Amino acid sequence: MKEAAVKVIVATPVAAETERWQGIMQAALPEFEVIAWRPGMPDTQARYAIVWSPPDEVFRNQPGLRAVFNLGAGVDGIMKLPSLTADTPVYRLQDAGMAGQMAEYVIHSIAELSRGFEIYRRRQKEAAWSPLPAVRHAEWPVGIMGLGKLGSHVAQSVAAMGYPVAGWARSPREDQSIETFHGDGQLEAFLARTRVLVNLLPLTAETAGIINAALIAKLKPHAVLINIARGGHVVDADVLAALDSGQLQSAVLDVFNDEPLPQDHPYWRHPRVRITPHVAAVTLEDQAVQQITEGIRLLERGQQAPGLVARDTGY
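Per our numbering: the sequence shown ends with 1129, consecutive numbering throughout.
Quick caveat, the hints were computed from the structure, so don't treat them as lab data.
Since we're looking at a predicted model, the values are computed, not measured.
For each residue, glycine too, the CB sits at the ideal point set by N, CA and C.
Just so you know, not all the hints are guaranteed correct.
Said to hold, decoys possible - Pairwise CB distance ranges (calculated):
| id | residue 1 | residue 2 | range |
| --- | --- | --- | --- |
| 1 | V1096 | A842 | 17 to 27 angstroms |
| 2 | A900 | A1022 | 14 to 24 angstroms |
| 3 | R1007 | A829 | 45 to 55 angstroms |
Let the hints inform the model, and build the full structure from the sequences given.
See below:
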């Protein structure tokens, strides 16, 4: 008698997306049975789950899951679900093409501001030929908060452009290409040398609301905030106040506490805020599929898969 195929369940908030990913993963895992989750679905006896922003019901009704694979790098939404048991391993994407996209986003944002390209666009409308002084990279020291795989790639890419770059993380990191700081004890020194603050921290209980008035006040004057991590890192009222006072020259924001960003939010109309709709890095499907399928097959062979999330840190 032929042994039944191992089952894999796919769950996203949108039924059409769930069906689409089910088809993609079934083609990539032909030896498995891949199931599209739907609300109210009873226990499918699935061994693995592939998810993006799943409802708690997925884990409440699928108690036999041996591992969960997230279709992205950020897992804060999954880790707080009450029905996800503490002994269920969660794996996140380690890159899937996101690191290069994030580096492009940050380099573009820094060049836009430091080179005055927005000023040139305004002057073009006035037919005004008026060159700005040459940029001095030393006047735009960049600080990267978060030195995981994505943060380290961004830091090295920006440093290659000639900007002074330093990185800060909760715990010590070794990176010979940039200056590094770590922990609460070195945070103030990191901020004091930073004019362009780039946030790439994971969102955890420790980092929620970390970008607040107290932190912003320790940056160099006329600082720039670039947030491409999570909206929950930012206290919006404090950022707006810092923009109005001039402590922040600009804020480049890709992620928000509420998404989509409500149409009446002050960010939309603030002259020194630049908004993008959570697109700093979009998961490349082929790379995501490769990482997840390789991870599932490794676990089936009794080996460890990359991208395991540590429960004590949340990343």
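Hints numbered earlier in the text: which of these fail when held up against the supplied structure?
none
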